[in-house]
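Student: Residue-level listing of the chains:
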Amino acid sequence: MAEQDDMPFYQKPEWADVVPIPQDDGPNPLVPIAYTKEYSTTMDYFRAMCRAQEKSERALDLTKIVIELSPSHYTVWYYRQQLLKELNKDLKEELEWIEWMVNEHPKSYQIWHHRQVVVGRIAQSLLPHNTTTTTTTLTTAQSTEAAFSFDDLPEAQKTAAQELVKSELEFIAESLEDDTKNYHAWSYRQWVLAHFGLGPWWVEELAYTEELIGKDVRNNSAWNQRYFVVTNGPGGLTEEGVQREVQFAKSNIEKTPSNESPWVYLTGVLRKGNHSVTEIKEFCEGLLSVPRANFSPFVHATLLDIYEVEAKEKRSAASVEKAKEEAIMLAEKVDNIRSKYWNWRKTQLQKIDVVA
Amino acid sequence: MLAEPNMAAQPATTTQDTQANANQPAFQREKHIQYFKRNLQMLPEPYTSQDTFRMTLGLFSLGGLELLGVLEESISEANRAAWVEWIYSQQRIPSKDSPSEDDDALYGFGGPFSGLAFQENTNVQQNLGCECDSHTTPFDTAHITMTYTALLSLIMLGDDLSRVAKEPILRSLKKLQQPNGCFIPCITDYEPDMRFVYCASAVSYILNDWSGVNKPALLNFIRESQTYEHGFAQSPRHEAHGGTTYCAIASLGLMGGEAFADQKTMVKKEDETESAYEERRARAGFVDLEGTRRWCLQRQTTGFQGRTNKPTDTCYSFWIGGAIAAMGSFDLVNFECNRGFLMETQHKTFGGFGKWVDTYPDVLHSYMGIASLALMGEPGIRPLEPLLNISKRMEERLYNETVFWKK
Chain H
7 MAEQDDMPFY QKPEWADVVP IPQDDGPNPL VPIAYTKEYS TTMDYFRAMC
57 RAQEKSERAL DLTKIVIELS PSHYTVWYYR QQLLKELNKD LKEELEWIEW
107 MVNEHPKSYQ IWHHRQVVVG RIAQSLLPHN TTTTTTTLTT AQSTEAAFSF
157 DDLPEAQKTA AQELVKSELE FIAESLEDDT KNYHAWSYRQ WVLAHFGLGP
207 WWVEELAYTE ELIGKDVRNN SAWNQRYFVV TNGPGGLTEE GVQREVQFAK
257 SNIEKTPSNE SPWVYLTGVL RKGNHSVTEI KEFCEGLLSV PRANFSPFVH
307 ATLLDIYEVE AKEKRSAASV EKAKEEAIML AEKVDNIRSK YWNWRKTQLQ
357 KIDVVA
Chain Y
435 MLAEPNMAAQ PATTTQDTQA NANQPAFQRE KHIQYFKRNL QMLPEPYTSQ
485 DTFRMTLGLF SLGGLELLGV LEESISEANR AAWVEWIYSQ QRIPSKDSPS
535 EDDDALYGFG GPFSGLAFQE NTNVQQNLGC ECDSHTTPFD TAHITMTYTA
585 LLSLIMLGDD LSRVAKEPIL RSLKKLQQPN GCFIPCITDY EPDMRFVYCA
635 SAVSYILNDW SGVNKPALLN FIRESQTYEH GFAQSPRHEA HGGTTYCAIA
685 SLGLMGGEAF ADQKTMVKKE DETESAYEER RARAGFVDLE GTRRWCLQRQ
735 TTGFQGRTNK PTDTCYSFWI GGAIAAMGSF DLVNFECNRG FLMETQHKTF
785 GGFGKWVDTY PDVLHSYMGI ASLALMGEPG IRPLEPLLNI SKRMEERLYN
835 ETVFWKK
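Which chain is which? The protein sequence lines are H and Y, in order. Quick note: my numbering has the first sequence finishing at residue 362, numbered continuously throughout. Quick note: my numbering has the second sequence finishing at residue 841, numbered continuously throughout.
No wet-lab data here; the hints were simulated from the structure. Ideal placement from N, C-alpha and C gives every residue a C-beta, glycine not left out. Accuracy of the hints is not assured; some may be wrong.
Stated by the list, open to error - Only some residues are given here: those of chain H computed to face chain Y with a beta carbon under 10 angstroms:
# : residue
1 : Gly32
2 : Tyr41
3 : Ser76
4 : Leu93
5 : Asp96
As the list claims (entries may be wrong) - To be clear about the criterion: a stretch of chain H counts as covered by chain Y if any three or more of its residues have a C-beta under 8 angstroms from a C-beta of chain Y, and this derived list gives those stretches:
# : stretch
6 : 184-197
7 : 340-348
Could you build all of it, start to finish, from the sequences and the hints given here?
Tutor: This is the structure:
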């Protein structure tokens, strides 16, 4: 029935009873948009559904149409979520549609958040004595969800929950193949891990970040995720973890010494583990004699930081001099786009209280 | 007045490098003026997907003309007055039939997409907003970003904000703030993040009333969102990002005294241990501003990137540049490279700016391009106040002519 499928929904008999509500933009609106007739008529019908707060299959279908026209619409997703609940729809099917939508609109905040809501609900339904309140009050929305607990779950439900998490992580990984730095995908991935939080997933995630960094050592999102894993996983960041991560960062720096990501990761981990940046002085000084590395702005910036710390701790004039040399190297040779900043750092060095 | 926090004693430097500028493509000032004027009259069909965010598109268009110094002359008196009415018609206020506390989340400004009747306010004393049958339906809700952009647009159009229903907006902010201090934008769109922290801060500042915001909780959220890179993420533990770094820093600046200025004045007491001092700073909401500044400056490659190892994009010249300006360090930016990049992202035919070289312009990137040039003191552009992201002229108008500030 190809012809009937081409007919706009609002021309079909099942919509005949609906009185569409036009948008009333007044006589002289600010920044009017040149809507197509299809869009404005679709929205006229959508307004009618919203006003009546109709809970029906046709309303659900209409939310899909509106979403596909206007994915950032800020009330349609909520309406759809209400309808999915009221009509007791198959949420697994919903996940399939979201997957399709994510491929079309990977940068929409609302799509990823909708996935989170749906996955949250599927998980909730596996819990014993499903205690979700049937009406979400306006003020609580879906606020601060407690982490999902696997304790006391019967075997079948436990397996189903684990499958759910596994498939979510796979879904996100697939999406990341198209855009390895998609902010929404990474945010959602962090939510999945934090919400369901089992130990083995954290171990696998560490390996996943290593795989992504191996593919693109400049993928800062993967480095950020690694920091998330090592500091938020069970047990947090141990001393053993610090040493392992320092080694990991150093080996990647040796591959790409002018790549900012492993440098800032390295100093971040040291700080988090309560280690001083001076501990990597030898490593940095060693890079000065490596042909590609000696022009890395990050080698010199880190040495500047190290000598500055030493100057303050030991009140050493010699350290101040070494720090100044680094500041000059940065300002004049290796990072001169930021010369004004490095010159300012040099002036700050004069203020350090030293004994000769 | 917004204090200019001065993170470091900067030597007074001239940074215009006029000789270098002469080698760059010209600033297409006239083309940009025409671009914004055309968009004010009608936004082309591709903007349909941003329909619910129309209020923001209005602000970018008005703001662009204001920064280019041609706002009043570009808009007829009839249009000016009509657009003020249109904005007020988007205001949601309580009706006598909606005493429920749950409704408190719904107030402020939204858009016409839900079908509310346009209300022409003929009586200036009457605080007329939305008066519709199903007043408490969440589908007619206001949205925090629209509230913020509506307020600024009203100021641009010469309105004194006397018809703004302040108390319902503040009650809404209270309902929209989450236990962790962050804000959601409206009750139907539960995405708490730093962008809405900024909108809540800007709204509170414009209304000159912070009673809708739990400041300690807000400060704590901001602090928790600073990453190991020292930039600020959308939420704790996410990746440091230019847009959300601007939102965090500008929010701190707008909050003033407790959060921002004190960053440089708080000192360790004589008998205080290092850890006790750190704890006291943490309670005051301290963040590592020196680290933030360095992270921001590190984002410049020609123009600015929004995250480490990502491509440059016009809008980050504003988000990152604005954050640097808010921290009082804008003269550390390399003007020549930044300007050079921006001159390349101008669209040669249509005017406006795209996000990259050889991309179509859109009103957001066009406004951001102009605002970035404003930060650099480009001739033909009004100076910009970075915390509220409006011209200094409009900032003056806020203080001297609007009802929540004027004496």
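Student: State for each hint whether it applies.
Tutor: Each hint tested on the structure:
no., hint, result
1, Gly32, "holds (4 angstroms)"
2, Tyr41, "holds (6 angstroms)"
3, Ser76, "holds (5 angstroms)"
4, Leu93, "violated (18 angstroms)"
5, Asp96, "violated (23 angstroms)"
6, 184-197, "holds (count 5)"
7, 340-348, "holds (count 5)"
In summary, the numbered hints that this structure violates are 4 and 5.
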